[in-house]
Amino acid sequence: MITLEVNGQSHRVEVDADTPLLYVLRDHLQLNGAKFGCGLGQCGACTVMVDGEAVFSCITPVSVLQNRKITTVEGLGTIASPGPMQRAFIEEQAAQCGYCIPGMMMRAQALLEKNPSASEAEIREALSPNLCRCGTHMRILRAVGRAALAMQKASAGNAKGTGR
Amino acid sequence: MLLGTAAFGALGPQQALSADGPPSSFDPALVRKGAQLAAIGNCAACHTAPQGKPFAGGRAVPTPFGTIYGSNITPEPDTGIGQWSREDFLRAMHEGVDRRGRNLYPAFPYDHFTRVTDEDVEAIYAFLMTRDPVRAETPPNELAFPINIRATVGVWKLLYFSKGAFQPSPSESAQWNRGAYLVEGLGHCTACHTPRNFLGAEKKSLDFTGGEAEGWHAPALNASSPSPVPWTADALYTYLRTGTADAHALTAGPMAEVTHKLANVAESDVHAIATYVASLDARPPEQREKQSRDALAKAPRKAEGPNGNQPGIANGAAVYAGACADCHDRGRSAEGGALPLPLATGLTMPTPRNLIRIIRDGIMPEENERGGWMPGFGGALTDGQLVDLVTYLRTLTSEPEWKDVPGDVRKIARGEE
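Chains as they are written, first to last, in our numbering: chain G, 1 to 164; chain A, 1 to 417.
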């Protein structure tokens with residue numbers, strides 16, 4: 001029995017210790033945002049965040065994730081109320097087939113949480129492990145840039161609101 | 001007194017050599033030859049900044065004494081070498097002084113380049129002088145006192161620099177001598193693969209016994225090579241051109257760029273380099289072949305229980321089973337499979353730092369380069385899990401345990417190494 005904290009909720013799952021996180025997310029927790037692409041940590045479709053860092057969930061065994069905070073694309077917002085990253089991807093219509101997009105959003109989210117004013121070169125470098133076969137890269141880059149601006153504005157707004 | 005006089009001569013600035021500027025045109029064949037030689041010398045590694053224009057300088061080169069910035073060697077007249085004559089350039093390569101005669105820091109490996117023939121230096125000059133000129137001021141070096149005073153370089157040169165041409169060995173083949181010339185001269189391989197003393201000079205008595213490069217260990221290339229399967233000239237040739245070879249790990253760290261460069265130079269030169277480097281391992285062939293057979297026989301191990309009962313090692317074995325075994329236990333011949341780790345030099349070298357870096361950051365080709373790939377696990381594993389994994393992996397070898405894996409993991413995580 002392994003306890004995982006996903007999107008702020010605690011889950012107890014009965015799986016082998018070396019089961020990849022991706023399988024638990026999809027098969028046990030019905031969190032189907034993260035995708036199975038290559039299963040080898042080479043395409044990025046399975047990317048989620050662990051303690052704020054982007055990781056390939058297809059090659060990360062659940063045994064290393066006890067007491068750590070896992071965030072999936074479902075944790076960034078809802079259909080009714082998308083988070084800034086999701087909203088930016090919708091507004092830029094950044095998806096073609098969409099298979100790579102949750103991974104792209106999670107790796108971009110991890111970058112912007114650490115470096116809210118990332119340059120386009122830094123965004124390109126950070127996203128380089130994630131592949132897109134449709135060729136929507138330019139839209140993805142625009143979406144991440146838009147999300148960065150939205151998140152900067154929101155944090156400036158919060159700072160004013162709390163009088164900091 | 002004699003030393004004092006000699007020192008004074010070396011410390012004082014020399015003169016610019018001639019009022020003539022560079023020639024106005026260059027023979028295209030000479031430029032092409034220079035391009036190959038500049039690739040073998042990997043000039044771009046220090047003289048091109050990340051995402052910067054080629055050869056425009058600005059790359060920070062970390063040294064134990066502070067940071068030195070690779071200079072702009074494009075033919076731009078004010079910030080580059082646009083006003084340098086052929087003689088100025090030759091003197092810089094052979095004697096380590098700039099156009100105005102000031103001593104250059106030996107991060108520019110003129111202790112090697114002094115062995116390069118005049119003809120080859122001239123070809124490199126022709127290549128550089130026909131690049132796009134880029135106006136880019138090289139940032140000032142950030143060096144500690146007293147190294148920040150250029151005169152100290154004069155003292156260093158008196159102690160450690162000997163000017164002079166490469167001396168071929170008549171008892172060896174032409175191919176071996178070509179390799180020796182490239183390795184000891186332009187290739188400046190021992191700049192990383194030989195340990196340095198407290199003044200940053202290569203310890204020549206320990207040539208090729210392993211050194212340091214930008215926080216990475218550059219493994220020994222002689223008989224003390226840590227490679228589980230000893231290198232052969234054929235394997236080295238394949239590795240130097242492709243970044244990997246059968247029964248050897250992927251290239252990583254600063255060596256990756258070297259292999260990218262060597263992928264595009266004349267095959268005969270890479271064969272020559274491989275022939276010379278393979279000859280550095282003076283162990284008898286039978287001994288090397290036996291070690292190779294033994295290593296290959298032991299290598300294809302499935303993830304198995306740890307030796308001993310330390311909880312850290314057991315935990316490391318569990319991490320291996322979950323995160324690594326799927327690729328590394330399959331072996332290279334399987335799709336998506338990777339090298340069985342008992343064959344990886346990262347496990348057998350005297351320091352765990354390369355292994356830690358590779359597990360954390362993975363192995364990825366630079367932008368627009370081909371190359372092997374390994375995903376990084378820096379976000380997936382905690383520092384403690386990484387320590388356990390690295391400690392466990394060392395038990396797959398017959399080498400003694402590493403002394404301070406937690407300390408090395410901590411330093412690398414904080415970017416102190």
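Hint data in this document are derived by calculation from the structure and do not stem from the laboratory. Backbone N, C-alpha and C define an ideal beta-carbon position, used for all residues, glycine too. Incorrect hints may have been included.
[Claimed, not checked] Taking CB as the label site, the calculated pair distances span: (1) G/Ala80 - A/Gly415: 24 to 30 Å; (2) A/Pro168 - G/Phe36: 57 to 63 Å; (3) G/Pro82 - A/Pro140: 29 to 35 Å; (4) G/Glu120 - A/Asp27: 56 to 62 Å; (5) A/Ser333 - G/Ala154: 38 to 44 Å; (6) A/Lys204 - G/Ser119: 42 to 48 Å; (7) A/Pro140 - G/Ser119: 23 to 29 Å; (8) G/Ala154 - A/Ile149: 33 to 39 Å; (9) A/Glu172 - G/Cys134: 54 to 60 Å; (10) G/Val13 - A/Lys204: 26 to 32 Å; (11) A/Arg370 - G/Ala80: 18 to 24 Å.
[What the hints assert, rightly or not] Quick partial rundown of chain A residues pointing at chain G, CB under 7 Å, derived from the structure: (12) Val134; (13) Asn177; (14) Ala321; (15) Gly372; (16) Pro375; (17) Ala380; (18) Gly384.
[Stated by the list, open to error] Covered by chain A, according to a simulated footprint, are these stretches of chain G (three or more residues, beta-carbon under 8 Å): (19) 30-36; (20) 39-46; (21) 118-132.
What are the numbers of the hints the structure violates, in ascending order?
1, 3, 4, 5, 8, 10, 11, 12, 13, 15, 18 and 19
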